[in-house]
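Chemist: First to last, the sequence lines map onto chains A and B.
Going by the working numbering, 436 is the number at position 238 of the first sequence; the sequence numbering is gapless.
Going by the working numbering, 331 is the number at position 192 of the second sequence; the sequence numbering is gapless.
Hints are not guaranteed to be accurate.
[Stated by the list, open to error] Simulated restraints, written as ranges between beta carbons of each label pair:
1. B:144 - A:241: 45 to 51 Å
2. A:307 - B:359: 55 to 61 Å
3. B:300 - A:241: 19 to 25 Å
4. A:440 - B:274: 30 to 36 Å
5. A:395 - B:290: 40 to 46 Å
6. A:470 - B:274: 46 to 52 Å
7. A:513 - B:429: 54 to 60 Å
8. B:359 - A:227: 22 to 28 Å
9. B:274 - A:255: 38 to 44 Å
10. A:276 - B:229: 54 to 60 Å
[Unchecked claim] Partial pick of chain A residues on the chain B-facing surface, computed with a CB cut under 8 Å:
11. 221
12. 239
13. 489
Hints were generated in silico from the structure; no laboratory data involved.
Just so it is clear, CB atoms sit at the ideal spot from N, CA and C, and this is done for glycine as well.
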Amino acid sequence: MGLATFLTRTRGSADKANRIGAADILAYGYLALGVLIILVPVLWTFASSVKPERAVDSFDTRLLPMSQIERPVEGVGNKTSWIYIDEAGTTQEVFKAGPTRRETDVATFDNPTDVFTVPRTGLEPNEEVRIATENYLDPILKRNGQDNFTFFTYLFNSVFVTVMATAITLLINAMAAFALSKYRFRGRLTFTILIIATLLIPSSIILVSLFFVVWSFGIFGSLWGVIIPAAATPTGVFLLRQYMLTIPDELLEAARMDAASEWRIFWRIVMPLSLPALSVLAILSVIWRWNDFLWPLIVLISDPSAHTLQIGLTTFSGEFDSDFHYILAMTVVSLIPITLVFVWLQRFITTGIATTGLK
Amino acid sequence: MSIAGLASLIIGILWIGGGTLWLLSRRTYGVKQIPGFAMDLIGFPVELSQSVFGRKGVPYALLMPNMVIFGFFTFAPMILNFYVSFTGGSSINLFDRPWIGSANYSAIFQCESYFDPRTCSNQGFSFWRGMGNTLMFVLIQVPILCAAALATALVVNKNLVGRGFWRAMFFYPVMLSPVVIANIWNWVLHRKGILNEGLGQASDAMTALSGMAGFDMVATILFAVLLLVSSERALRASVDPSLPWAALFGVLFLAVFTWASPLAMIGFQAAPSFWLGAVLVGGLLWFVSTAHPRASWAITGFSIVAVILLLTIQFDAVFDFGRFRPINWLVQPNTGWPFFWLIFVFTWSHMGFYMLILLAGLQAIPADLYEAAKMDATKPARAFYRITLPLVMPTLVVVLVLSLIRSFQIFDEVWLLTGGGPGRETFMIVQHIYETAFTGDRPAYGEAAAGSVLMAIVIAVFTFFQLFITRRQSEL
Numbered sequence: 199m200g201l202a203t204f205l206t207r208t209r210g211s212a213d214k215a216n217r218i219g220a221a222d223i224l225a226y227g228y229l230a231l232g233v234l235i236i237l238v239p240v241l242w243t244f245a246s247s248v249k250p251e252r253a254v255d256s257f258d259t260r261l262l263p264m265s266q267i268e269r270p271v272e273g274v275g276n277k278t279s280w281i282y283i284d285e286a287g288t289t290q291e292v293f294k295a296g297p298t299r300r301e302t303d304v305a306t307f308d309n310p311t312d313v314f315t316v317p318r319t320g321l322e323p324n325e326e327v328r329i330a331t332e333n334y335l336d337p338i339l340k341r342n343g344q345d346n347f348t349f350f351t352y353l354f355n356s357v358f359v360t361v362m363a364t365a366i367t368l369l370i371n372a373m374a375a376f377a378l379s380k381y382r383f384r385g386r387l388t389f390t391i392l393i394i395a396t397l398l399i400p401s402s403i404i405l406v407s408l409f410f411v412v413w414s415f416g417i418f419g420s421l422w423g424v425i426i427p428a429a430a431t432p433t434g435v436f437l438l439r440q441y442m443l444t445i446p447d448e449l450l451e452a453a454r455m456d457a458a459s460e461w462r463i464f465w466r467i468v469m470p471l472s473l474p475a476l477s478v479l480a481i482l483s484v485i486w487r488w489n490d491f492l493w494p495l496i497v498l499i500s501d502p503s504a505h506t507l508q509i510g511l512t513t514f515s516g517e518f519d520s521d522f523h524y525i526l527a528m529t530v531v532s533l534i535p536i537t538l539v540f541v542w543l544q545r546f547i548t549t550g551i552a553t554t555g556l557k
Numbered sequence: 140m141s142i143a144g145l146a147s148l149i150i151g152i153l154w155i156g157g158g159t160l161w162l163l164s165r166r167t168y169g170v171k172q173i174p175g176f177a178m179d180l181i182g183f184p185v186e187l188s189q190s191v192f193g194r195k196g197v198p199y200a201l202l203m204p205n206m207v208i209f210g211f212f213t214f215a216p217m218i219l220n221f222y223v224s225f226t227g228g229s230s231i232n233l234f235d236r237p238w239i240g241s242a243n244y245s246a247i248f249q250c251e252s253y254f255d256p257r258t259c260s261n262q263g264f265s266f267w268r269g270m271g272n273t274l275m276f277v278l279i280q281v282p283i284l285c286a287a288a289l290a291t292a293l294v295v296n297k298n299l300v301g302r303g304f305w306r307a308m309f310f311y312p313v314m315l316s317p318v319v320i321a322n323i324w325n326w327v328l329h330r331k332g333i334l335n336e337g338l339g340q341a342s343d344a345m346t347a348l349s350g351m352a353g354f355d356m357v358a359t360i361l362f363a364v365l366l367l368v369s370s371e372r373a374l375r376a377s378v379d380p381s382l383p384w385a386a387l388f389g390v391l392f393l394a395v396f397t398w399a400s401p402l403a404m405i406g407f408q409a410a411p412s413f414w415l416g417a418v419l420v421g422g423l424l425w426f427v428s429t430a431h432p433r434a435s436w437a438i439t440g441f442s443i444v445a446v447i448l449l450l451t452i453q454f455d456a457v458f459d460f461g462r463f464r465p466i467n468w469l470v471q472p473n474t475g476w477p478f479f480w481l482i483f484v485f486t487w488s489h490m491g492f493y494m495l496i497l498l499a500g501l502q503a504i505p506a507d508l509y510e511a512a513k514m515d516a517t518k519p520a521r522a523f524y525r526i527t528l529p530l531v532m533p534t535l536v537v538v539l540v541l542s543l544i545r546s547f548q549i550f551d552e553v554w555l556l557t558g559g560g561p562g563r564e565t566f567m568i569v570q571h572i573y574e575t576a577f578t579g580d581r582p583a584y585g586e587a588a589a590g591s592v593l594m595a596i597v598i599a600v601f602t603f604f605q606l607f608i609t610r611r612q613s614e615l
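This is chain B alone, in the form it adopts within the complex:
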């Protein structure tokens, strides 16, 4: 029997035996009071401290179990981490580990060029690759997650039919375990899975449709009608252009702009046209949402441009996708898809939680502010920037910090979906720590601990930076 087992046995005997004697010597219990006696027995140390130290001793006794666990399993490891990071070898016995100074750290920092992890030592390569991927993941993930959570919270906060149902649905993935999530998405994203099948069928159908005679003309007329209707509805609103219709118009404009690809005339590919179009549409929506006096003019101008561009589009060429080749979403290297799907799945599974927190923040905003804004005929977009956003900011900061700390620690989803691959495209820092310490033949606890210390520093810097730039709104 181990020392810990022996100790817990002795404590158990003292607790139960001593407690029973002590309680029975002071109080009498009937047969019906056996459950009450059991509870008194559990709280026996608290009772004891009350009788020895008076009421002053009680809070310490009450705090004791919680603080002991915190002390042993949170604070002690925190400090121990520094010690372990300066030791080497693969022994689990702490007294058996040789002190090697900062060798673990210098192994990580041993690089010829700090801009290319491939020039580092093996340990350094693994660490910096994981750190780089994690930083990229966090920088893409956190804004997307927060924007999606905020957008969903705003929509769910509206007075809609079946509000409770929508809320519950968006929260559901939070309940699922990472293994279940990974298996579900593995199945969907398999090379012969339902996603590729659906995409293939859609693309084949579109290709067949675009091969039909007169498709170009019909599509042109359809898009022209859609553009005209949306721009007309946007302009018809009583005072200023209506934002939802302008948004719809913007989406259509972006599609037309991308397909017509005006930048291709001066020798670019299609992608820059898309980004230019996105910037233009963003500007338009900014104009409309702030009720700029020239907003109507802008919409009119955009629709003229759209109609001209529309005439240049060969729709049968745009929708001719050719033969569909299934993509191996999680395995194909150098495509960025594995990384994309990690971000997607992470957002999918965690958004509901942050949505609920933001929803609580939104519901704490007093409704009379919106009533007053309505009295003054404030545009909804303006009400959002001037009322909703400032008042939900404290909650948003909490969500930003929490999701940042959470995203930094991403491991489960990666480990189960891609295993860090293809190559090391999705290799994250926690996986580096886990593999260094726990999976190799010769576990390198010291190196893993050094990695965790550096990771803790990076997280701390990020968190404090974030709190610093949002310090006026912060609640933390």
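Looking at chain A on its own, in the form it has when it is part of the complex:
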């Protein structure tokens, strides 16, 4: 019994430690199930994306990327390799010399002219594990007629939108938050209420008229049409305002004594001090802008050179409904940057959003 107690003891000091009970088992079971449901589809997509076209098209459900070996045959070209197992159990590597029938004509690679007939049931595909890098490289390098997915254009557009929008958001939200948290002026309450109100206006109900506004500004169809309307976020203003309220006023007074201008105070004192809140907002903004879908779809759909990665991937999946191997590979490609950011910053993101962020 001593061993069982030792093995089932949970963390903690001796007097606080409890044995693992049914509640813990249920908790771990729930977590394991949840993580399985979250990870298995993603990992399965990744595993499928490195399979060769033939395996993807035939919905091969084996985990490893198996592909049939091809070898050159003199005067014929490349032929797929099969293993023939005769009744005695001896195996022979052959290729099909004719159409597949119940009795199929085959020949060995060493002696291609010596055709003999074997039953179809004795033939098995000769497979090897091969990572199908062409799924990734064809669309990216525009080989094999895959010139519709201009990956680097999409990537540049996505990065441009994300970086510009995040930079503008950080700057103007911080300015607004600084004004609302560190100055007493007429209309402060009005401005605060106006910003709260925008928090409650869902973006999809102003879709049509936002289109009119963006059109009349002349930025419809360009990346700025995506960047500017989303640059001012009520969430960001509130998050930063709450944080800036904790900065002591004495610091600002001391700087004013030294005849620093208000802009310099903002730039040299307030911005560096609110770096934690700024980085949470930066992460949120990157997630929002990178994953944005409906508004970019409306603004950018007509001009393929202005597509972001999300829009490009959508049209690509729509055009090539059968080319699953390319679609899967490109899905993985657009999933990788955000996954790397996540793995790198995950602790920071989860604690940051948990303490400050509301969507």
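Using the hints, position chain B against chain A.
Modeler: Relative to the frame of chain A, chain B by itself:
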């Protein structure tokens, strides 16, 4: 060049040229101070307003860019929406749009019977179908999402090994873009995809197993042992029955009850038996969690019933699934599966965010409350109802409102997974607005705007209703 381009060019020249002259006339910059000069140049209007109006002018200058963007791209469209909804035609020029009064609204409300969207005009049909589907989606989605988020937050808040890892894992799908999510799930849910393959293999294996001799007896004994062990462990707890074991017992009881299907004897199908069993188990768990004095009796009674029912089950018939037919999860009409998977995928991709907010709420609850409850030997379930739930309620209200507004706007996942199909089973209101305004040959902006105004009204009513019934707990 457009007027906007010209205007921005002039502003740019004034800003950079004027700002440089103004700054250089007042301050001296060394070579090393070029970055500082660039920042001063960006903030030049703020500096200018300080020198003209004094410190009083500064907050207005600071608020200016944010409020200008809000004004043009949030408030102006909000008001413009009403105007556009009263105009017709397909012109993009606002001054070129004829005023047609409330024709757009009357097209939506033109129905023979308000209980059946099929009797409406085309526009009305599309709108009401989208609205009905969205309402159904929201009413199913929001409770499931919030319950899942709360349950996960509670579990992750426990003192477990690898807490950070679990939290991060549940948050991961929030980072993924809708296109990626849709492609992943399309691949998994394909007719020949991994889900159907796995289900098919499992069902074939079960069918083969149930065909073996003695399967019925072995399964009966196995279930009897499981039932007895779980009920015994539940009853063995020192004072009152233990809730986790009772929950396990409840799950087993529900399975046995469904398979034995006592309601089939009086001519029902299996489904009502399941729901009756679920209600019974819910009652049992309620008894146990509130430490009702008769809870032990209830468990004993339930286990006797379970054992009797167990003897009537033909396990080889229960587990004989026959030949497995793959289901086209996202395409098969009149099965409810597309709708189910939408809810599933939406929960999958959004739960992590609300979980984190709820987790923050849970961690703000002072630990000494639980210490005190422990001193008084309070049952964990009672501590949940009396401490955790009331104190996390403000956060829960925020999560409810946010997820309601978010679920109402569902578009990306539907558009990419099912496209609103099969038929119009998953056609949502935002898709109606999007298709009316942006995809047709003759864009009907007025009708789309009318739809958005009505949608805004419905969302506002829902939000205020929700805030009203939870007004005592609300933080908003």
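Chemist: So, for every hint listed, does it hold in this structure?
Modeler: Comparing the hints with the structure gives:
1. At about 48 Å, the CB distance of residue 144 of chain B to residue 241 of chain A agrees with the hint of 45 to 51 Å.
2. At roughly 58 Å, the beta carbons of residue 307 of chain A and residue 359 of chain B sit within the given window of 55 to 61 Å.
3. Taking 19 to 25 Å as the suggested C-beta distance range, the pair residue 300 of chain B and residue 241 of chain A conforms, at roughly 22 Å.
4. Between residue 440 of chain A and residue 274 of chain B the Cβ separation comes to about 35 Å, which falls inside the hinted range of 30 to 36 Å.
5. Taking the beta carbon of each, residue 395 of chain A and residue 290 of chain B are about 33 Å apart, not inside 40 to 46 Å as hinted.
6. Against the hinted window of 46 to 52 Å, the Cβ-Cβ separation of residue 470 of chain A and residue 274 of chain B comes to about 48 Å, which satisfies the hint.
7. Under the hint 54 to 60 Å, the C-beta atoms of residue 513 of chain A and residue 429 of chain B, about 56 Å apart, fit the expected range.
8. Between residue 359 of chain B and residue 227 of chain A the beta carbons are some 25 Å apart, a value that agrees with the proposed interval 22 to 28 Å.
9. At roughly 40 Å, the beta carbons of residue 274 of chain B and residue 255 of chain A sit within the given window of 38 to 44 Å.
10. Residue 276 of chain A and residue 229 of chain B have their C-beta atoms about 55 Å apart, which keeps the hinted 54 to 60 Å range intact.
11. For residue 221 of chain A, the interface hint holds, since its Cβ comes within 8 Å of a Cβ in chain B; the closest pair sits about 5 Å apart.
12. Nearest Cβ of chain B to the Cβ of residue 239 of chain A: about 5 Å, under the 8 Å cut. The hint holds.
13. For residue 489 of chain A, the suggested interface contact is upheld, since its CB lies about 4 Å from the closest CB of chain B, less than 8 Å.
Consistency note: the structure conflicts with earlier hint 5 alone.
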